[in-house]
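Novice: Given next are the chains, with one letter for each unit.
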Amino acid sequence: MAREKMQILICGGTSCSDKQSEALADNLKLELEANALENDIKVVRSGCFGLCNLGPVVKIVPGDVMYVKVTPDDAREIVSEHIMKGNKVERLLYKDPSGKTKSAEKELSVYKKQLRIVLRNCGIIDPENIEEAIAHDAYEALGKVLTEMKPLEVIKIIKDSGLRGRGGGGFPTGLKWEIAYKNKSDEKFVVCNADEGDPGAFMDRSVLEGDPHAILEAMAICGYSIEAHKGLIYIRAEYPLAVARLKTAISQAREYGLLGKDIMGTGFDFDIDIRYGAGAFVCGEETALIHSMEGMRGEPTVKPPFPAESGFMGKPTNVNNVETFACISPIILKGASWFSATGTEKSKGTKVFALAGKINNVGLIEVPMGTTLREVIFEIGGGIRKGKKFKAAQTGGPSGGCLTEKHLDTPIDFDNLTAAGSMMGSGGLIVMDEDDCMVSVAKFFLEFTVEESCGKCSPCRIGNKRLHELLEHITKGKGTLADLDRLKNMSYVIKDTSLCGLGQSSPNPVLSTLENFRDEYEAHVTVKKCPAGKCKDLMEYFIIAANCVGCTACARVCPVGAITGERKEPHFINPSICIKCGACMEKCKFDAIIIQ
Amino acid sequence: METIKVTIDNKTVEVPKGTTINKAARKLGIDIPVLCWMELHDLNIENKPAGCRICVVEVQGRRNLAPSCVTKCEEGMVVKTHTTRVLNARRTVMEFILSDHPKDCLICAKSGNCELQAMAHQLGIREIPGQEIAAMSTYRKDTSPSIIRDLDKCIMCRRCEMMCNTVQTVGALSAVNRGFMAAVAPAFEQNLEHSTCTYCGQCVAVCPTGALTEVDHTPEVLRALADPAKTVIVQTAPAVRAALGELFGMEPGTLVTGKMVTALRALGFDYVFDTDFAADLTIMEEGTELLDRLTRHLNGDKTARLPILTSCCPGWVNFFEEYFPDLKDVPSTAKSPQQMFGAVAKTYFADKIGISRKDLVVVSIMPCLAKKYECQREEFSVDNNRDVDFSISTRELAAFIKQANIDLNNLEEGQFDSPLGESTGAGVIFGATGGVIEAAVRTAYEVYTGKKLSRLDFTELRGFEGVRSATIDFDGLPLNIGIAHGLGNARKLLNDVRSGKSQFHAIEVMACPGGCIGGGGQPLHHGDSEILKARAAAIYKEDKNKPLRKSHENPFIIKLYEEFLGKPNSEKAHHLLHTKYFDKKKKIIVKQ
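Chain order of the listed sequences is A and B.
Residue numbers for the first sequence follow the numbering used here, so the first one is 837 and each next one is one higher.
Residue numbers for the second sequence follow the numbering used here, so the first one is 91 and each next one is one higher.
Keep in mind that a hint or two might mislead.
Said to hold, decoys possible - No farther apart than 25 angstroms at their CA atoms in a straight line, the calculated lysine-lysine pairs in the DSS-like style are these: (1) B:K200 / B:K623; (2) A:K938 / A:K924; (3) B:K138 / A:K1139; (4) B:K107 / A:K1151; (5) A:K1020 / B:K107; (6) B:K418 / B:K674; (7) B:K162 / A:K1018; (8) B:K541 / B:K392; (9) A:K1139 / B:K170; (10) A:K948 / A:K931; (11) B:K636 / B:K649; (12) B:K117 / B:K623; (13) A:K1170 / A:K1182; (14) A:K1151 / B:K138; (15) A:K1416 / A:K1404; (16) A:K1066 / A:K1139; (17) A:K1425 / A:K1222; (18) A:K1224 / A:K1425; (19) A:K1365 / A:K1324; (20) B:K649 / B:K541; (21) A:K992 / A:K841; (22) B:K623 / B:K591; (23) A:K1139 / A:K1151; (24) B:K674 / A:K1139; (25) A:K1151 / B:K623; (26) A:K1097 / A:K1151; (27) A:K1139 / B:K162; (28) A:K938 / A:K1139; (29) B:K657 / A:K1018; (30) B:K542 / B:K636; (31) B:K542 / B:K138; (32) B:K442 / A:K1020; (33) B:K113 / A:K1139; (34) A:K992 / A:K1020; (35) A:K1020 / A:K1151; (36) A:K1020 / A:K986; (37) A:K1066 / A:K992; (38) B:K170 / A:K1324; (39) B:K200 / A:K1139.
It should be emphasised that the hints constitute simulated quantities derived from the structure, not laboratory data.
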């Protein structure tokens, strides 16, 4: 009977879990039990579907019907209508920005241009069940490597695939492995960087939550290739769900003989431990990460020596990011040319982006390298929220740069992003619309890097603080044209002299906004106006006398008594009293209050 | 040795593989400025966090500027050290550093001796753009018995941290906080007093700014000198005379013993004595204790613990009380020369001149900051009156002399007063690593064997090697001697003692690299180990010039025993000249 194969997949990622997806799963099970269907239909808590602002998401197979924003109370209707009668629950189906209802997963515009290699099993398997993972080819690549291949053969495939590190730097992965292989030592380490410090990115977390075995397998393959027998996953302690799933996965893998001594009876030993980070951005930098794992202060040291020569405990260490590891098994199974067929000349494969900001479809997407920003934002992302105008997209996390309209048709890859003054970084993508002030945006990102600098080198420790102060000064209307030159000079010097990637990239938001939105900066420092109307100190609330009917609503709501005027007469805002809270504007029914 | 060729500022030089750009440039006479980097070459000490980014240079083909202090030369490398890009970066980085540094140079303890100040001058910084909107990182000031920490002036060069952790293995200082508020401090930003600090002062010795300085005790000394009711006497440690001249423009290694005596007399001290006298006394007590333990040990007495460890260095005493309290019965019980001097001065000498100990003020001039703490230890007071009232460092003395309008260069050579100013060469060499044990050997050999030594220079005990050992033939008995300077080296020997592996009969330990000549209270060496070598040479020169070079031949020591103490290790000597040690293992106190 077809019914036996029916599955209800519920997103078990962090975002959907926060929205009661667990209670929803429990209710669905209860409903199935009440209808004596529990043996026929399986309820699975899967990994992330990527539709994070539409969660909790439920997918029913076969048919791949997607329900969005499902609450625990909806369980009864899903079971009674969809499962028992075969009727779709219309009100829970996804509606695209034009208002059209889409039911099947493949109809969703958000999925149309996607190609899922890294996220291949997210939203498909139960991440806490190793057998499901194995059914989806987990550990097959490891078996192939251990039984059919020599370390250098594995490295060659990875090199040929053109895979580059997904953590931000884009260093060729195969080459990295080769260097680690060539450095002979009694002990070597494979480290998975799951620090994911970019606050806007969560693809690593999603992979670990949705498909942990993919990472364990890839680490073991790497261990075999570089002749290491110990793997360490450095993960921030603030990812409890990912940690729990990793722990489950590790113990299951050990139980099945896929980790530990004599893996699959081949004589190869490899085991994995978890190391916790305290959530410092700088610990994503590999030397800082290694020091943190060693129990030292999480701060970077000069390279060389590279970790491949002297890493964890002074031993050759290969550090790769979660997303990089997630590409390994498919490459081994399907071949280097399969992987390199996707992407651009120098950036192969796919990249996962975390879409955020003023975009309709907030969430996680995976697209081939070379997809344009326009496709990502307007097709996959569903365009700008509330029909506003696109202004900029920040890629590469807090220390990436802002791309503009003119970059919309540039194919996204490592080199094009760097050439445009930004970077791939971890794959965060924040979209800004016409209401965003670019000076404030730069200030916002700088605030993060100031906070996250480790303090070791002076340009990053002090320079970023000075940049932030100057931006603050400008947004208060106190800046001068000369300050813009100072911003530029400080930014260049910080990039040029900082010790690690953090300081070498932290001024990117300043430089790229200065470059692309210089007129906006100039407005702040010359006429002391914020064109986007975001900088409080530069705006004034003003009543258009012609529109004001003298209803007094604004005067009554003003918390500081800044508005005066007779009944039925035009009112007036005293700018020296006004605290720019905006309460009056919200209250006014006649559009008489504007910001100047 | 494999060599490579590099081109720096259009000049080519051949250097051994592994040479840094900075060192290669120096070979060409190109002095790339450095700030955080510091090296004491002969002592194997190097600080290279590459944190300040002042020494950046342009390397052809490299995306960003390279820190020349740690970037190694590669074959065919082309380096530019003063392009517009480099100069602008260097200046901007310096402006960053200065923008977060107090501008109170006029009244800073380090003024005129500050590496940051010198660098600002060298780079010609005349203003700091944006200072008016620049916030400063400020911290709580911390004053301990020896050291003042003013972290507002910390530039995160990490030299102190490297000294405290890597060299001394004390672990009192490490980086705390992140980003703009990062600084070097004890764990949980406790006061130094609540940390594992030994007050060795090596952090102060290497701090390029005024962030770490000594507690200045000269005002108290001045007050005592101005009090007509007090007799104020002074003792000067051996290492002081070998370094004081540097602060008056003299070449490192210039001995200023006589001029220093004249200066002290001019400052108003009633008697100018020498700690070297007490050093001779220490040898009598410690040497006797060594021979006693050795003889008992050879006779099969299981309670006689060997090796015996010297105990004249207060930083070292603090270290083993903190980290090896289980071994506190191993070191010699002899007090340090400073404290022996105080004990004898406040009893024997006070009696001799007929005043009470309360009217006698004992001041010591020391190359050391731990001495400040040592003289404040409770067990070294009688009825709340300290044996040594105040201890001031070589640097404080120099400032004191200058304030009194005395030009050391033009002074007559003075003589120490009698009786506590007479010493032998053995007392002098206490100032350099290996000196105490050499002095002890000179006496112990003759007492043990009853024979005259044919040679007095035990060069095998000298040098700058961190851990040294030698076997001295005591007339058929091979005496194994170990020497460690720097507490990290001492820790190695102590670990062997703890595990029972140590083969030594006696071990000398000095907390500071180089011994007292490299003490935390000495003129700053700014990373030039040649200075330390010159000071050590001066010490051995003074020894060589002394008519008497064995402690037990010091006639005033002989007289002291005859008139007052009886014999070495007598009951009276024990009471006055020996001490005991305490378990001071610290518990972390988070709340203060």
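Novice: None of the hints should be skipped; say for each whether it holds.
Specialist: Comparing the hints with the structure gives:
1. B:K200 / B:K623: Holds. K200 (chain B) to K623 (chain B) sits at ~24 angstroms (cutoff 25 angstroms).
2. A:K938 / A:K924: holds (11 angstroms)
3. B:K138 / A:K1139: holds (13 angstroms)
4. B:K107 / A:K1151: holds (22 angstroms)
5. A:K1020 / B:K107: holds (21 angstroms)
6. B:K418 / B:K674: The hint holds at about 10 angstroms.
7. B:K162 / A:K1018: Distance of about 21 angstroms is within 25 angstroms: holds.
8. B:K541 / B:K392: violated (28 angstroms)
9. A:K1139 / B:K170: With Cα atoms ~20 angstroms apart, K1139 (chain A) and K170 (chain B) stay inside 25 angstroms; holds.
10. A:K948 / A:K931: Cα-Cα ~15 angstroms, so holds.
11. B:K636 / B:K649: holds (19 angstroms)
12. B:K117 / B:K623: holds (22 angstroms)
13. A:K1170 / A:K1182: holds (20 angstroms)
14. A:K1151 / B:K138: holds (21 angstroms)
15. A:K1416 / A:K1404: It holds: about 24 angstroms lies between the C-alpha atoms, which stays within 25 angstroms.
16. A:K1066 / A:K1139: Holds, because 23 angstroms separates the two Cα atoms, which is no more than 25 angstroms.
17. A:K1425 / A:K1222: Answer holds: K1425 (chain A) to K1222 (chain A) is near 21 angstroms, not above 25 angstroms.
18. A:K1224 / A:K1425: Satisfied, since the Cα-Cα distance of roughly 22 angstroms is no more than 25 angstroms.
19. A:K1365 / A:K1324: The given pair, whose Cα atoms are some 21 angstroms apart, holds under the 25 angstroms limit.
20. B:K649 / B:K541: holds (22 angstroms)
21. A:K992 / A:K841: Not satisfied, since the Cα-Cα distance of roughly 40 angstroms exceeds 25 angstroms.
22. B:K623 / B:K591: Status violated; Cα separation ~32 angstroms.
23. A:K1139 / A:K1151: OK: K1139 (chain A) and K1151 (chain A) at ~15 angstroms, within 25 angstroms.
24. B:K674 / A:K1139: Violated - the C-alpha atoms of K1139 (chain A) and K674 (chain B) are around 41 angstroms apart, more than 25 angstroms.
25. A:K1151 / B:K623: violated (37 angstroms)
26. A:K1097 / A:K1151: holds (21 angstroms)
27. A:K1139 / B:K162: Distance ~11 angstroms between K1139 (chain A) and K162 (chain B) Cα, so the pair holds.
28. A:K938 / A:K1139: violated (51 angstroms)
29. B:K657 / A:K1018: violated (69 angstroms)
30. B:K542 / B:K636: holds (18 angstroms)
31. B:K542 / B:K138: Cα-Cα ~50 angstroms, so violated.
32. B:K442 / A:K1020: Violated, at about 74 angstroms.
33. B:K113 / A:K1139: holds (18 angstroms)
34. A:K992 / A:K1020: Holds. K992 (chain A) to K1020 (chain A) sits at ~18 angstroms (cutoff 25 angstroms).
35. A:K1020 / A:K1151: holds (9 angstroms)
36. A:K1020 / A:K986: With a Cα-Cα distance of about 16 angstroms, the restraint between K1020 (chain A) and K986 (chain A) holds, given a limit of 25 angstroms.
37. A:K1066 / A:K992: Roughly 22 angstroms separates the two Cα atoms, so the pair holds.
38. B:K170 / A:K1324: holds (23 angstroms)
39. B:K200 / A:K1139: violated (34 angstroms)
Of the numbered hints listed earlier, those contradicted by the structure are 8, 21, 22, 24, 25, 28, 29, 31, 32 and 39.
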